[in-house]
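So the chains spell out like this:
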Amino acid sequence: MIKKIITIIYLLFFSLLLSGCWDYTSLDEITIVSGMAIDQSEDKKGYHVSLEIFDTTESNKEKIKTAIIESNGITLFDAIRNAKKKITNKLYFANIAVIIVSEQVAKEKNIGEIIDWYLRDAEHRETLSFVISKEKTAKDLLNTKSSTNNAIGLLIKEIVTEDQTVTISVIHNEAYKIYNILNQKKESLVLPAFRVTTNNNEKAVEADGLAIFKNGKLIDFIDDDKSKYILFANNKVKGGILTIKKDNNIDNISLEITNSKTKTSFTYKNNQLKFFINIKTNVIVGEYGINDEIPYKQITKLEKIAANKLNKEVTEIIKYVQEKYNSDIFGFSTIIYRKDPKLWKKLKKDWDKIFKNIEVEVKSEVKIINTSYIK
Amino acid sequence: MPKEIISSRQIIASIIAFIVGNSVILGVNSELAQDSWIALIIATILIIPLILIYARIIKLYPGKDFCQIVELLLGKILSKIIIILFIWYAMHLGALVLKFFSEFTKISALFNTPEIIILMTMTIVTVYLSKSGIEVLGRWSIIVCTIICFLLILTIIFSIPNMDFNNFFPIMNHDLKEILKSSFDIFSFPFAEIVLFLSMASSYSQKNNPYKIYLYGCLLGSIFLLSVIIRNVSILGVPLVKSEYFPSYTATRLINIGDFLTRIEGTITINFIFVGLTKTAVCLIAASKGFTFLFNLKDYKIMIIPISLLILMLATIMYNNVIEMFEFIPIYSIYAIPFQIIIPIIVWIVAEIKNKKE
Chain A
10 MIKKIITIIY
20 LLFFSLLLSG
30 CWDYTSLDEI
40 TIVSGMAIDQ
50 SEDKKGYHVS
60 LEIFDTTESN
70 KEKIKTAIIE
80 SNGITLFDAI
90 RNAKKKITNK
100 LYFANIAVII
110 VSEQVAKEKN
120 IGEIIDWYLR
130 DAEHRETLSF
140 VISKEKTAKD
150 LLNTKSSTNN
160 AIGLLIKEIV
170 TEDQTVTISV
180 IHNEAYKIYN
190 ILNQKKESLV
200 LPAFRVTTNN
210 NEKAVEADGL
220 AIFKNGKLID
230 FIDDDKSKYI
240 LFANNKVKGG
250 ILTIKKDNNI
260 DNISLEITNS
270 KTKTSFTYKN
280 NQLKFFINIK
290 TNVIVGEYGI
300 NDEIPYKQIT
310 KLEKIAANKL
320 NKEVTEIIKY
330 VQEKYNSDIF
340 GFSTIIYRKD
350 PKLWKKLKKD
360 WDKIFKNIEV
370 EVKSEVKIIN
380 TSYIK
Chain B
140 MPKEIISSRQ
150 IIASIIAFIV
160 GNSVILGVNS
170 ELAQDSWIAL
180 IIATILIIPL
190 ILIYARIIKL
200 YPGKDFCQIV
210 ELLLGKILSK
220 IIIILFIWYA
230 MHLGALVLKF
240 FSEFTKISAL
250 FNTPEIIILM
260 TMTIVTVYLS
270 KSGIEVLGRW
280 SIIVCTIICF
290 LLILTIIFSI
300 PNMDFNNFFP
310 IMNHDLKEIL
320 KSSFDIFSFP
330 FAEIVLFLSM
340 ASSYSQKNNP
350 YKIYLYGCLL
360 GSIFLLSVII
370 RNVSILGVPL
380 VKSEYFPSYT
390 ATRLINIGDF
400 LTRIEGTITI
410 NFIFVGLTKT
420 AVCLIAASKG
430 FTFLFNLKDY
440 KIMIIPISLL
450 ILMLATIMYN
460 NVIEMFEFIP
470 IYSIYAIPFQ
480 IIIPIIVWIV
490 AEIKNKKE
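Residue numbers (our numbering), protein chains in the order written: chain A, 10 to 384; chain B, 140 to 497.
To be clear, the hints were calculated from the coordinates, so they are not data collected in a lab.
Just so you know, even glycine gets a beta-carbon here, dropped at the ideal spot from N, CA and C.
It is possible that part of the hints are untrue.
Said to hold, decoys possible - Derived list of chain B stretches under chain A, where covered just means 3 residues or more per stretch with a C-beta under 8 Å from a C-beta of chain A: (1) 269-282; (2) 335-343.
Unchecked claim - Using 20 Å as the maximum straight-line C-alpha spacing, the simulated SDA-like pairs for lysine to any residue come out as follows: (3) A/Lys351 - B/Glu317; (4) A/Lys194 - B/Asp314; (5) A/Lys99 - B/Asn251; (6) A/Lys321 - A/Asn366; (7) A/Lys354 - B/Glu317; (8) A/Lys194 - A/Lys348; (9) B/Lys381 - A/Glu196; (10) A/Lys245 - A/Thr174; (11) A/Lys351 - A/Ser274; (12) B/Lys245 - A/His133; (13) B/Lys320 - B/Asn251; (14) A/Lys354 - B/Pro309; (15) B/Lys245 - B/Ile488; (16) A/Lys116 - A/Glu144; (17) A/Lys358 - A/Asn261; (18) A/Lys351 - B/Lys316; (19) A/Lys328 - A/Ile228; (20) A/Lys351 - B/Leu315; (21) A/Lys357 - B/Pro378; (22) A/Lys310 - A/Asn261; (23) A/Lys348 - A/Glu370; (24) A/Lys270 - B/Pro300; (25) A/Lys348 - B/Lys320; (26) A/Lys194 - B/Val377.
Next comes chain B alone, as it looks inside the complex (with noise of 0.2 Å):
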């Protein structure tokens, strides 16, 4: 099997896209309206000492994926119980992806069409995106990005109009408590769900700084959410961006220029559909790159079809009704902390100490 390799561009291009990800309709944590924007900042100062730990792991060990460093270091039972845990959580995020854009589409457009029918036309492409590799995805990003930037940049100049800047005072209104929990909510949904590029570092190139891509890519998303958080809460006001599941989409729904460039709410869904399949894509590749080293396979690209109706029918049971689906967010900060924190520590320190020893 040849070696796929990536430029450093098109890595910080995919994990823009997939910090962003679900975001692009959901709003970043409306909770707290308009003070979001000061737990996105203190999130991304947060996410920094991690992300330095996730490229330190890649660079002690170059040319290998998280899960044969898992390998080399933990042993054989102990890594394999990592390892499932890995793939639980890369196929549990790429089923929560696929469901949001379900229901997103279901609320918004689709009213009759069934279910399965949505989420299955969706995998459909992001089987046929991951098998077409990692290079592919590569190139798939940096499109993806520059339309998704295009696009924003062009839904806040519509919306200048409609802003009203006054929305963001009192400044501070909520206890520090509140922000704090706010702030660790967007840490780790979407920042420290970029754990999973770990599984894609055999195809980083020697060349590339892992510090550099992972810092770049973090601080190019965070600037991307700050800007939709400035967007929405500014246009709609803060008692609707805290009620509305969906508030970028009712965002654009205002735009009306004139009377004539109206009705331009379908650049936020195409926006959702790039970033979501790009997200489920790499949940998707990382998953089966874990069940290759878990059964000793040769090719990564084997294993996507059959993960994918995995992750399509854990889609569908997940949950019973929207209400669950958002009640879930706050859950899943805490039900995400040994995916994004604990495993990477415990392999960073083993690896360090074996790095030492050598």
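Same shape as in the complex, but just chain A (with noise of 0.2 Å):
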């Protein structure tokens, strides 16, 4: 008997202290963050950061509502807390899907900063992205509507995420990846710009090609027809399309890419570092231009026209990036760095000056495998 009530004792002792959790935060005491743009604030001296929350005011079966939320702050920790001044709940940044920052702040601050902060918090996900604004302030991204999906934010990451596969006009780096590549030795990072353009009369955000990047700070951006052959080098190809010519002057044959793969490699002669860029590329004709059937023997006309369409551009946007940033934003250092450490070693101090003067030979192979319904 003793022992029963003993136990009926102990059993409500633990019910009132195991029924609670210390850090227990109900949804509806969190707002939820699905994007973020990242300024500098008027001053100069600190940051202005915009931030697109879920807006739970009331509740919509048909549409997501969002808000942005605008604050100030020293350091970009102190900006994000400092909108709690504004709002009631307490920002929740498990499921921010992308930031974005201002040409400015890419400009004069070291984008590893904002990295850092970003990876230490425990709530933020390693899985996040990154974008560069064209325009004047990041903040005008999020001020766009969109069509299709009313977070900007998340509109952001699904197009920047599928990119690869279909468009072909950006890298997609993720957080992580981001700060691999700031760490590991002489390689230069490029992230997606994105500008805001206007559709069916109202502002629309689109990708816009890529910021290029210079020891961790923003130098230049390379426009969208050029990025795909960058893309190309970098063996970040998944889909897209090509457009060749056949005889006129204009492209109007599309190639569309069902996969593609790009070998790197290098030998060093004589103090010469010389890299053989390999693409192959299976491509399907998805337009032809001229109502007609394409003849057998065109069929190797064609890979040879794109073939030598890949390689001059890759060639030439190479060279561009050479003479014009000097930035190793296709990783040579890295590779190098990975066949061959005692090279590396040697090449490291003057990599600056070496990294202009690569030589470099573009092989590419297209194949055709079909051509869809039509002959």
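Please dock the two separately framed chains into a single complex, following the hints provided.
This is the structure in structure tokens:
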């Protein structure tokens, strides 16, 4: 009997203690952040952040509503905490999809600082995407409207992650990969650039080429049409369209890429580095331009034209980056380090000078595997 | 007191859980990053002679605990000193594991909860486990082993899309000296910690071959650690593995299968709770067995609660901050030499000499 009573007392005691959770936060006590834009504050000393949050003030079954909160702070974390001064709930960052950095911040501050803050916090996920705004402020991107997705943060994330298989114009790097690139030898970072356009008389975001970094700082943007070939050089292509011309002066044939592989190797002879880039691409003829059957002989010709175009464009873009930016966005330094660490030790000191003078030979092979439904 | 007997499979399972221990979230000596698998293999080779010595001690005196053997061999005073040292090591190790657990929980999930609460909940369960006895611990270890292996395989399969094996190049980029130092760290933390299993030797059934038990336990544990290294480095890449405190945890955070199967890092925490419980329970039993011989008590179970409280207190005062905790790991490998290597070797040599005389 006494045992029973003691057991019951114990049970009551534990039910009091164990029913609660110290770190309990219910859904109505948090404000979920979907995107964030980082700008410089007006006095140029700190940050001005704009946070896109899910607006849960009224339940709406059809559409998700979002709102924007702005705040200032000396450091990033400070700025985010300052946002609490304006809202009721604590901001919750585990669902954030994208951070937009303004051109000004990216040029003046090392992007590594933002990454460091981001990866340090336990709430954040390492799979977040970073993009650079081409507009005056990063907040402009959040202020746009989209016809498909109401949260701009989630929209940008979708655009960026699916780009490599559909449109091949940007290189998508997640936060943890950015950390690795920034800390890996002399490799330079590239991030997607975004701008605001008008779509059906409303402001809309659009992916627009790449932002080129050097030593963690933004130096310039590369346009849409050229950035495609950077993806080819970096082995990032998984799909997308390659346009070529046959006889006319305008591109009128579209080849849809089914898969593509780029292998990079190098030789070092007589103090001269030479890189070989071998691109192997399989394509489908998706648009032939002329309303006619494609003759069998034409296939090999088309393959040759496409390969030549790839060769020319990739060589050109590499030369362009070497001369204009001198920034190793193709990861040549990492390739040397991985294959020949002793050679890398020798080259490390004057890598900036060496990178400029690397000879690059591009060899591409395009294979047409079918012509879709029509002969 | 009836004698507790556990089968060799159960001992192997608990040895695996013991070795895997903190590495579930800490990763395995991440300083060397892409070369840490080499260090692990060297450490596995280095540990074999030592575990053969451990097994030989058990073989020479079957059915006796380590402390009993020490008492038999070394006389009253010397044996007491050695037993005290052994108890200290067991308690300290238990406190270390508890502290890792609480710090990890504090950083990753329970930000506002006081540390002592986290430690207490863990300790209560550990006390329950070790009070239930060695037989229960054995059966529990089998379950734990199955779960952690299953979860490891699961996380590896799910991480395949994230893996990049180029991260392992260049191989052998570190000096031999660095690699040997790192392999010595792995050797003492976690491999040589299985010296504590000597204190359970009386529960090994007579039919079992101790050599086989220890070898199997160590090799399987080593394979487990190897797959942890391969998973972490191939997913995270060298710079991040080097700077992360809990690389295994981060590596599983990145898993994303079709936007549907995400955020399964909780599995890693489950792993750590299970394995941490087993490890602390073993430490607790080893320490209380030591106390029973020190004070000539009959049952080791009465000492478990007081010792658990001591371990709890030790865990709270051990470090000022997490940085200290991680700075201690390289020092630990030197600090543990007397407990892991010198004492067993002395016992072994004396045992061999006495055995020859008889």
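Return the numbers of the hints above that this structure violates; sort them in rising order. 1, 2, 13, 15, 17 and 25
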